[in-house]
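So the sequence lines, in the order shown, correspond to chains A and B. This note's numbering numbers the first residue of the first sequence as 1 and each following residue consecutively. This note's numbering numbers the first residue of the second sequence as 281 and each following residue consecutively.
FYI, nobody ran anything at the bench for these hints, they're computed from the structure. There's no promise every hint is true.
[Unchecked claim] Covered by chain A, according to a simulated footprint, are these stretches of chain B (three or more residues, beta-carbon under 8 angstroms):
1) 409–421
2) 521–533
3) 570–583
Computed from a prediction, not measured in an experiment: that's the story for all the values here. Note that CB positions come from ideal geometry on N, CA and C, so glycine has one too.
The chain contents come next:
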Amino acid sequence: MSLSLDIARVIANARLTDEQKARIQALHYRDAGHGYDAFGMHPDVVALGEAILGPLYDGYFRVVSKGHENIPGDGPAIIAGNHSGALPADAAMTWLDVLRHSQPPRVARAVADHFVPMLPLLGTLFARGGMVGGSRGNARTLLEAGDLLLIFPEGVPGIAKHFRDRYRLQDWRVGHVELAIRHSAPVVPLGIVGPEEQMPQVGRIPVALMGAPFIPITLTPLPLPVRYHMRYGAPIRTDLDYRPEHADDPGAVREAAARVKAAVQGLLEEGLREREGIFA
Amino acid sequence: MSGVLVTGADAPIGERLVRTLLDDKRVSHVLAVGARPLEQALPFTNDRRLTYLSVDLRRERRVREMLFGPARDLGVRTVLHTAMGRGAGEEGKGVHLWNVEATRDLLALCERHPTVKTFVLRSYAEVYQVQADLPVLIGEDHPLNLSPNAPQYVRDRVEADLHACVRMGLSPLRIVVLRCAEVLAPGTGSQLFDYLESPICFRPMGYDPMLNLMSVNDLVEALGLAAHAGEQGVFNVPGADTLPLSLCIQKWGRPAIPVPGAWMTPLYRWRRQLRGHDFSYGMNRRRFHYSGVLDGRRARDVLGYVPSHPIDWPVSG
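Taking the hints into account, I'd like the entire structure generated from these sequences.
So, in structure tokens, the structure goes:
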């Protein structure tokens with residue numbers, strides 16, 4: 001086995017509890033023959049991801065999450081949430097939250113923008129943790145195989161939103177519901193309160209760097225230790241409310257996307273009402 | 281299946297294919313066609329069900345004489361076309377004649393042949409485009425590499441493949457195109473095999489894409505199944521080994537040295553010029569960055585092909 005996986009295993013062994021290790025062991029994934037799935041995910045790197053992100057989840061962002069019972073235990077499903085924060089810490093924390101709290105344990109296959117697989121080191125590391133590039137074909141294959149996808153319909157404009165636009169959902173793309181309808185997959189809305197204030201963004205330099213479309217100008221060089229409040233809402237049953245052929249009906253797709261957007265907005269408003277402060 | 285004609289029979293894959301067909305009692309006769317003379321071609325010629333002919337496939341008249349002479353007399357019903365230039369460095373009109381025009385002529389002649397009913401083309405995974413914004417799992421409808429800047433090695437394969445595809449439905453033949461994963465074996469034209477022959481392997485720093493590789497045995501099995509099956513169409517034929525590039529290098533017993541991507545082209549150009557190797561980094565640059573794995577579900581469902589012969593890696597574990 002490779003040196004990097006040996007290192008991953010040593011770190012994970014040292015950092016994870018027995019219960020966490022058992023959950024990693026119980027993960028269902030499709031080994032393509034050498035311990036990796038066809039997309040490059042490897043359970044040892046998933047364990048490493050938990051070991052590295054755990055302190056950020058528990059100690060830095062102090063994540064509080066609710067509604068895990070809404071994450072389906074099996075079968076195809078899509079988690080759709082708001083995206084923000086200049087750096088994709090919200091995606092990382094959601095990935096870990098799903099890993100820790102889904103029953104049975106599942107890896108949320110984050111669907112990233114096309115430039116992410118082009119990033120050296122990070123593209124490979126994220127793929128080992130289950131991320132896939134944002135092509136329709138990748139999402140289709142995973143849903144057909146019964147996987148759980150994590151999609152941020154706001155995309156890069158969401159993570160790049162100006163501080164004054166915090167908690168206002170940006171242009172809400174419809175691809176996630178199109179996929180959900182076509183593959184009879186429920187959509188679990190997710191509202192994440194916290195990351196929209198972690199790195200107040202006041203501008204951007206429109207220079208593409210290593211595939212990323214711009215360089216953000218933020219008030220802080222690193223994310224602030226805001227507290228994350230995550231809420232998973234009741235699944236929107238696109239599998240019951242629509243037939244697969246509705247995926248080709250722009251009206252039905254727009255309507256379903258609007259339902260998901262309204263659900264996420266509702267979860268955000270609930271979370272904002274209930275929290276006692278940005279850091280509390 | 282009665283008589284079978286195999287082109288490229290003097291190459292390692294063709295040779296193994298001929299052996300396998302001779303073991304198949306459903307095959308009445310194997311007409312093996314290669315470029316080399318008999319004494320330099322197949323090491324086994326004493327089987328009465330085997331006929332070897334040295335034919336230059338670039339010469340249409342020679343091909344016609346072979347098809348409408350011995351092939352007709354032997355009742356050849358299936359043509360397994362595996363002959364194609366193997367070197368990435370081979371370029372020019374003569375290579376194009378061999379790779380594309382020979383396929384075109386052979387197919388056209390088979391269409392008006394009295395006994396041939398099935399034409400199987402061994403195509404290549406290299407016909408597909410691999411890039412960051414395309415799916416990792418490559419289905420038969422995945423975009424092809426139609427770039428005019430692609431090397432002739434790729435352009436010829438795409439052209440031959442597309443020509444066979446275009447004739448499906450128009451031709452009286454049952455045409456099967458097998459887009460096969462790279463065979464990691466000597467003498468097969470494998471770019472990766474040549475790459476792994478170095479005592480050390482450089483790879484682009486920060487990237488470790490997933491590859492799919494196959495053994496000669498799996499390829500031969502897929503060709504045999506395509507010859508027997510009643511369906512026509514395009515099929516991806518993956519191998520049993522899906523693994524990252526770094527693990528591939530490690531299992532070959534080579535140290536991998538990550539270097540900045542910009543160094544790769546000059547390093548491997550020098551290697552090519554100084555040591556006469558065939559590996560071209562330019563041709564493999566994208567798949568050394570981004571994953572591309574053949575999706576073999578259609579071949580499994582229609583042909584019954586399931587890769588079952590992993591590569592015999594020099595380093596186990």
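Do three or more residues of the stretch 521–533 of chain B come closer than 8 angstroms to chain A, measuring C-beta to C-beta?
-> holds (count 7)
At a Cβ distance under 8 angstroms, does chain A reach at least three residues of the stretch 570–583 of chain B?
-> Coverage by chain A holds for the stretch 570–583 of chain B (4 residues, Cβ < 8 angstroms).
Are three or more residues of the stretch 409–421 of chain B within 8 angstroms, CB to CB, of chain A?
-> Three-residue rule met by the stretch 409–421 of chain B, so holds; n is 7.
In terms of the numbered hints stated before, the structure departs from none.
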